[in-house]
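Student: Now for the letters of each chain:
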Amino acid sequence: MNFVPGQARFPSTGRFAAGTLVALHLCAIFAGFLSPHPYARGDDRHGFHPPMLLRIRVIDEQGAWSRPFVYGIAAANAGSHAENRAEKHPLRLFPRGEEYSWMGLRCSRRLLGVDAPGRLYLLGTDQFGRDLLARILHGAQTSLSIGLLCVALSMGLGLLIGGSAGWRGGRVDFLLMRLVELMLAIPSLYAVLILRRSFGDELTPARVYLLMVLLFTLTGWAPAARLIRGLFLGLKEREYALAARAMGAGSLRIVVRHLLPNALPAMLAAAARTIPFFILGEVSLSFLGLGVQEPEPSWGNLLAAAQNLRVLTDFSWLLLPGAFIFLAVLAWIRLAEALQEAISPERGGR
Amino acid sequence: MRKLLRRRLLAAFPLLLAVTFVTQALLVAGPGNYFDSLAAGGQIPARRLEQLKRQFGLDSEEVTVRYGRWARGVMRGDWGYSFRYQTPVGGLIRERLGNTLLLTGAALLLAWGLAIPLGALAAARQGGRADRALGLVASFSLAMPTALASLLAVWLAARTGWFPTGGTHDPVRWEEFSALERFGDRLRHLFLPAVTLCLPGLAQYLGQIRSEMIETLGRDHIRTARAKGLGEGRVLFRHALPEALAPAASLFGFSLAQLLTGAVLTEQIFAWPGLGRLSVEALLAKDEPLVMASVTLVTLMLLAGNLIADLLLARLDPRVRMEGA
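Chain order of the listed sequences is A and B.
Position 86, counted from 1, in the first sequence is what our numbering calls 86; the numbers after and before it change by one each time, with no gaps.
Position 223, counted from 1, in the second sequence is what our numbering calls 223; the numbers after and before it change by one each time, with no gaps.
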């Protein structure tokens with residue numbers, strides 16, 4: 001396990017995955033700025049409006065080139081929106097849109113937009129006429145941050161439990177590992193569902209968020225504990241650890257100064273590998289209606305909106321949140337594989 | 001082997017008790033119950049509420065009392081009466097259990113049936129085109145959330161009409177089908193949910209078997225087998241594969257937990273009347289006897305899966321067998 005950041009060969013797929021993840025997280029952070037419309041309020045005349053991304057034009061009706069523009073939306077029934085050719089709305093960079101709050105600041109500049117009666121639904125709208133792009137980007141805030149928070153907490157818990165099992169050995173190890181096996185055998189979704197249910201329905205969005213983090217951490221620490229135990233078992237017999245002990249170093253010093261830094265690369269790879277499970281956990285829970293509640297968006301409850309068969313076939317763009325979930329999970333998996341390969345190339349890792 | 005079996009069965013009992021007791025405690029601790037929400041909706045008058053609660057054993061807020069009643073009933077073979085479906089839980093569960101076993105069984109078979117030969121192939125051609133293609137497919141299917149995969153499958157079915165979009169059989173023409181047609185109809189309905197359910201597991205086992213195979217193929221006895229002049233197929237499947245499968249067998253028990261979790265979503269989306277969908281509905285409606293019964297069954301299925309995995313491991317790896325004896 002000789003992982004020297006400067007020297008290790010980091011596969012290019014890993015760099016690509018890392019780039020994708022940085023981009024996704026930036027999108028989540030600047031969700032308000034990047035989305036042309038607010039995420040919570042929609043125009044109910046514009047329910048199920050198809051994506052306008054492919055309706056941005058650069059040639060006007062006279063056949064002449066013009067700056068990119070979209071046509072207005074003709075009043076129509078939900079799901080069958082025609083373009084109103086009489087109205088032309090040029091795309092504007094950094095226009096003043098509706099107000100949103102960003103890190104406690106009130107802002108109104110948005111990246112892209114059109115002037116007032118016009119609308120720019122780049123990825124279409126949902127049944128209430130809310131901009132899907134805005135909902136996906138704001139949903140990313142919930143879905144991605146749950147992954148990061150849960151992995152940090154479960155790694156911490158795993159370090160505490162697996163670390164003490166591996167370091168102490170003996171009976172402590174035996175008991176803690178039986179606990180880990182028990183946790184691994186429980187189908188986590190069932191456990192989370194029952195636990196979630198016992199907290200009732202009337203919770204504020206912030207409470208639901210915290211509850212989800214708590215539940216996923218409680219049901220998800222076991223693999224981390226098992227990994228860290230294995231690492232510590234091997235590392236504590238290494239010469240430098242023995243030497244430190246021979247020189248009279250205390251347990252805490254040996255663990256923190258000698259074991260932890262050497263276990264860290266493998267722990268990072270494991271963290272990247274575990275994040276998808278938490279992201280998918282949120283998706284499952286919200287999909288079943290027990291996670292993030294309307295009107296707050298999350299990738300899970302956005303996907304749940306596509307559950308209806310008619311919506312699925314006629315308004316297929318509501319599956320787009322799924323593409324974002326797929327992208328994020330794929331990027332984390334690829335990153336984990338690249339990290340693993342950088343740590344131990346001899347495994348022929350993939 | 002027998003000792004291993006006995007020890008596992010003895011350990012299973014307290015675990016089952018613990019899981020059901022905790023579930024009961026959580027149900028009691030949770031706010032409101034089925035009849036409270038009915039009364040709040042004005043569907044039953046307030047004075048009937050107490051009577052109904054007493055009748056269905058919801059009048060006590062003591063966990064031990066409620067659990068005791070439930071356990072006594074189960075010992076007599078009485079699983080209680082579902083509030084929501086207005087029928088005895090036993091019959092309801094039996095029907096759903098069959099459907100879930102069919103679905104997860106098919107997915108399990110598909111996942112392992114594909115993972116073993118493909119994993120061996122990828123290892124044999126390590127770094128080659130087939131290996132890289134399989135790696136790509138594996139990470140794609142691992143990254144595909146079950147909910148999205150199921151939705152895409154339903155979308156495909158609705159768009160092309162090649163497959164039904166849900167259910168276990170054709171409700172209209174079922175009666176006039178011959179035995180063979182019935183079998184075909186079942187298979188057609190089973191295909192998409194089973195395929196979507198098996199995807200994440202398939203990717204995992206594929207990776208596991210591949211890396212175990214690569215390690216095994218580097219060992220001395222494989223070189224000896226090749227030096228003897230054995231064909232590549234025989235070396236791969238008779239000499240390397242059994243050895244590489246032993247560690248993968250420990251994944252088997254885990255795979256069942258995963259399938260049962262995945263089945264909740266798949267059943268939901270494909271309108272598959274199985275245990276997962278039933279338990280979610282029961283949980284949402286606070287249908288207590290149904291929740292208790294489905295939790296018991298899911299735990300039992302998991303224990304059975306882990307037991308099978310242990311026996312499999314003992315069969316494949318003599319060291320484990322000796323330890324248990």
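If you are wondering where the hints come from, they were derived from the structure by calculation, not from laboratory data.
A few of these clues could be false.
[As the list claims (entries may be wrong)] Which stretches of chain B does chain A cover? Using the computed rule of at least three CB atoms under 8 Å from a CB of chain A, they are: (1) 32-45; (2) 52-59; (3) 108-120; (4) 169-176; (5) 280-291.
[As the list claims (entries may be wrong)] Here are the in silico distance ranges between beta carbons for each label pair: (6) Leu54(A) <-> Ala271(B): 52 to 58 Å; (7) Ala74(A) <-> Arg129(B): 32 to 38 Å; (8) Arg85(A) <-> Arg129(B): 47 to 53 Å; (9) Ala304(B) <-> Leu252(A): 53 to 59 Å; (10) Gly234(A) <-> Gly127(B): 25 to 31 Å; (11) Arg129(B) <-> Gly72(A): 33 to 39 Å; (12) Met103(A) <-> Arg129(B): 44 to 50 Å.
Note that the Cβ used here is the ideal one computed from N, Cα and C, for glycine as well.
Student: Against each hint, give a clear statement of whether it holds in the structure.
Tutor: Comparing the hints with the structure gives:
1. 32-45: violated (count 1)
2. 52-59: n = 0 at 8 Å, threshold three: violated.
3. 108-120: n = 0 at 8 Å, threshold three: violated.
4. 169-176: Check failed, 0 qualifying residues.
5. 280-291: It holds: at least three residues are needed, and the segment 280-291 of chain B offers 5 whose Cβ sits within less than 8 Å of chain A.
6. Leu54(A) <-> Ala271(B): 52 to 58 Å: 33 Å Cβ-Cβ, so the 52 to 58 Å window is violated.
7. Ala74(A) <-> Arg129(B): 32 to 38 Å: Given range 32 to 38 Å: violated, Cβ gap about 52 Å.
8. Arg85(A) <-> Arg129(B): 47 to 53 Å: Since Arg85(A) and Arg129(B) have Cβ atoms about 51 Å apart, the given range 47 to 53 Å holds.
9. Ala304(B) <-> Leu252(A): 53 to 59 Å: 44 Å, violated
10. Gly234(A) <-> Gly127(B): 25 to 31 Å: 28 Å, holds
11. Arg129(B) <-> Gly72(A): 33 to 39 Å: Since Arg129(B) and Gly72(A) have Cβ atoms about 51 Å apart, the given range 33 to 39 Å is violated.
12. Met103(A) <-> Arg129(B): 44 to 50 Å: 49 Å, holds
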